[in-house]
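Student: Given next are the chains, with one letter for each unit.
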Amino acid sequence: MEADNKRRPTAIMQKIFSAITRYLSMVVLALGLFGIIIWISGKNPIVSYRELFGSTLGSWYGFSEVLVAMTPLLITALAVALPSRIGLINVGVEGQLYMGACAATWGALILFNAPAWLLLPLMAIFGMLGGALWALIPGLLRAMGLVNETITTLLLNSVAPKLVAFFVFGFWHSSMDTNKTPNFVDAARLPTFFGTRIDLGLVIGILLLIVFWLVMKHTRWGLEIRAIGGNPEAAQRNGVPLKVYIVAILCIGGAIAGLAGMALVSGYYGVLLTGFSRGVGFIGFLISWLSFGDPIGIVLTSFVVAIITTGGSMLQLTTALPYAVINILLAVALFVVLSGINLFPKRKTA
Amino acid sequence: MTLLSILGVLSSAIFSGTSLLYTTLGEIIDQRAGIVNLGLEGVLLISGATGIAVTSLTGNPYLGVLSAALVGGATNLILGFLVVTRRGNQLASGLALMFFGFGASALIGKSFVGLKINGLPRLTIPGFGNLPPRYLSLIQFDTLIYLAIPCTLLIWWLLFRTRWGLGVRAVGENADTAFASGRSPHLIKYQALFVGGMLAGLGAAHLTIAYTLNWTEYMMGGRGFIAVALVIFSKWHPIRAIVGALLFSGAVAFQLLLQASGVQISPFLLDTIPYLLTILVLIVWGGSRKHSAPASLGRVYMGTE
Amino acid sequence: MMKKKMLYTVLSVLMALSLLLAACAPAATPTEAPAEPAVEEPVVEEPVEPAEPEEPMEEGPCLIIGALHGGPINDAGYNQAMHESVAAIAENIECVEIIEAENVPEEAGATATMENMISEGAGMIIATAFNHQYPALELAGKYPDVIFEHAGGWEMSGNFANFFGEPPDAWYMMGVAAGRMTETNKLGFVAAFPLGWSLTFANAFHLGAVSVNPDVETTVSFTFSWGDSAKEADTTNALINQGVDVITMHVDSPATIISTAESRGAYSIGFQSLHAQQFAPEYWISGTGYTLGGTLTWLTSTVLDGTWEPIFLRCSLWDGCMAMAPFGPKVPQEVQDEVMAVSAALESGETVVFTGPILDQEGNVVVAEGDVLTDDVMSSVDWLVQGMVGSPK
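Protein chains in written order, with the numbering used here: chain A, 129 to 478; chain B, 310 to 614; chain C, 929 to 1321.
Among the clues, some could well be false.
Said to hold, decoys possible - Stretches of chain B that chain A covers, calculated by requiring three or more beta carbons in the stretch to come under 8 Å of a beta carbon on chain A:
1. 355-363
2. 414-428
3. 505-517
4. 530-543
5. 577-587
The set of hints was computed from the structure by calculation and includes no laboratory data. As the structure is a prediction and not an experimental result, all values here were calculated from the model. No residue lacks a Cβ here, since even glycine has one placed at the ideal position from N, Cα and C.
Kindly produce the complete structure, drawing on both the sequences and the hints.
Tutor: Here it is in structure tokens:
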């Protein structure tokens, strides 16, 4: 007995220690691979690391920019995480984002005379409706057992930006604009904080994550969702309306993504630019997937990814590397985690 | 609507459609082996940038095409490592590869933007040399275009008439059964990915070295995703991919023709038709045995693979 | 469960590491918002104190200029022309240091780059992409001590102004050349967006062509992107398939369009940068490009000696802000002479491009007899001249 008690703390400590070393090695590996690529292109990796972290965490401005970048990531990741709890793969976040932005823009342009306290909530509602609508067809098709939502949402991803362009060039842009709508009126802009660009979207994102966590843990819906996620057939036999959940949850996911779109055009941009998202939805998908849909994980992972994408701006100035190169760090980090996570006890015997 | 303009639509469809066809063929092989490559966009970008770089440095477009193909194959092997050896999630790994492509292609291509390169030479069919230049240039196709159909037939033969192709399809249906019948699923998947990547590389090379003759960041413009749609539209069959590729590219050319004739259809709405058609195809034919996807793809889409 | 713990451990370690690295970042890399920019403030109200243009405090540059481009600086087009103009400043004024960023995203995406430049000590920001105007304007409000110059815009404030060339006259001249060289009487204009300026350029081009060849028809086709080379190739081919034999453009880089035209045996007229000519050795007619090096140098010198004022700076071909490319091998001498004669007439004011009456595609009078179009009207034009094909919307 006594020997056991002595052994348990050491065993746990050993586990933690080995986990830390394993993950530290992942971090080092990711940064190292990126550094090698930088070095091959003739730039100094150490300078790059310093710029990357220094410009983002070394100043209040940089830190605020990280939070700004984090905002859409939090929300899109949630838009993927919720459906994933019932086993739905919502890879269409990118498209739902666009449609939400489109609908919110419509609100901003039509109701430009409304006061902010009315206009912003309306835009948010439009945004959510836009995103939800975009997820409706995939949801229905999946519920009817016709087509998998992975494919439909993926295909609709490519349709959404074109639809947005159709609206912009067909109805909204003036001859003074290139590929954008006129700038939004002030009332249509989400308020920012502390003189930085952090907007209400961040607060909304965090609130949504909290709500998500609460719902999942403490409500009946959460229970039913987890039941479906665990064993859909059993859940259905127990009276959980599976098809309703499929459509509803996917649409809610779409609505959340639409809200992210609204936050982007209203908070960050203040205008609808065609092609404004270069994969934000996909990054959200990756974040959700990497965090297993867990709210705290989503916050942490979004933070790390935001550091990477924000740091790239400064990197571009000081090393003359194209900004796009930061995608390599993002990708390599993903590669390391994707290949590493499965390193762990899930060994199929034989 | 003159003869020139109608022939022009066909010619444009062929010119633009060739790169799409090669890319789709590559993705067909990948998916037949049970792997969904969402990172195709990244593979295309890296291959395209490499092709331009090599062509610019060596002055030889054929070397450029070759290097693009090899690099495409190699890039796909990254996906192979993640998905086959490491058993990573295919969708996430593919997307990660896409981002890798964004960055790596920018790095490779940066020094070659705006440079004049020796594009892939356009060949004149003997006997037609006397046509007025405007008509003649419509049918002056380059080597890759001429090889497109033969290549498609080759891929068809490879997939449906060889032991290797049988192995690929078997692995795509059920890797365990394939293993039981003495094949090595991992090796076959890697091989399929390499071949698929090479084809994608050829597609990218055609766009950059034979058509636009230059490189800019993100220039593939979503062709990777168009190809994924096209694979479904052609129901995983190489021959049908030809029709799809021509259709998708023809729509663009047709819309331009309409625009110049004064008919106003939004090019954006027209661009969405291929995707909507694909969804339609899935709804109508998705269930039937003959047209359905390789079985293990289903597990990818369900998230269990 | 265990996976989650692992994930948290990873992320916490990562964050700890990054904070550690950031803490180790030496103070040599200034990342705070600038306390004192390394430049003298060109205050509008006090036109006094011509401060020394040489090193104020230490051995550093007298002025750090941050220049942003929306595309790659070696695109043989607009971005390259702007890049070369900016580089000219450093060639002409030795103590100036330039920080450049290319492929900077549009609208709010550009703010981070500008902020970073300012934190690196930039005292003057030159934003060259069309959609950088509003983020630059916003930052101008935040940093009253930094001068912002935008290329091609119209907004003005105490420390925000803009500069550009005057293309329409140059386009008219090119139109004259095109009108003379075309054999099918069909000209093509590949434009990025239905933007007022693009339409104005196309209109000027057409008016020039029609002035020497009344049967000419100009087709305008949009690619909806400043730099989508595949679309540009498609559009060029489509135009040529309509019978067009002279192609010109208003996109960022003329490279693809000109290469494609050359491969089809159609004439091309370049724009944005004089580097375009290399893509069409045979069928090149001529072209115009921006050469704003002198202008930017002048602007910088006013910043340095404290006399900078926000002005709506526009200068023409004859001021040196734009240049005309050499004629191609197939252009006969009479055409060259005619173009130069038109140039002289434009310079002297004898010929004015947009002088009434001008009718639009439906026959409505858009410029009345005796009227002349002003700059701000030109920037918001939404019609095409009669005889042109394409939709201005």
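Student: Could you run down the list of hints and mark each one as holding or not?
Tutor: Hints and how they fare:
Counting residues of the segment 355-363 of chain B whose beta-carbon sits less than 8 Å from any beta-carbon of chain A gives 0, not enough to reach three: the coverage restraint is violated. Evaluation of the coverage hint for the segment 414-428 of chain B: fulfilled, as 4 residues show C-beta separations to chain A shorter than 8 Å, against a requirement of three. Check on the segment 505-517 of chain B: 0 of its residues sit with their Cβ under 8 Å from a Cβ of chain A, so the three-residue criterion for coverage is violated. Given as covered by chain A, the segment 530-543 of chain B passes the check, having 6 residues with a CB less than 8 Å from a CB of that chain where 3 are the minimum.
As drawn, the segment 577-587 of chain B meets chain A at 7 residues by the rule of a beta-carbon pair under 8 Å; at three or more, the given contact holds.
The structure shown violates the earlier hints numbered 1, 3.
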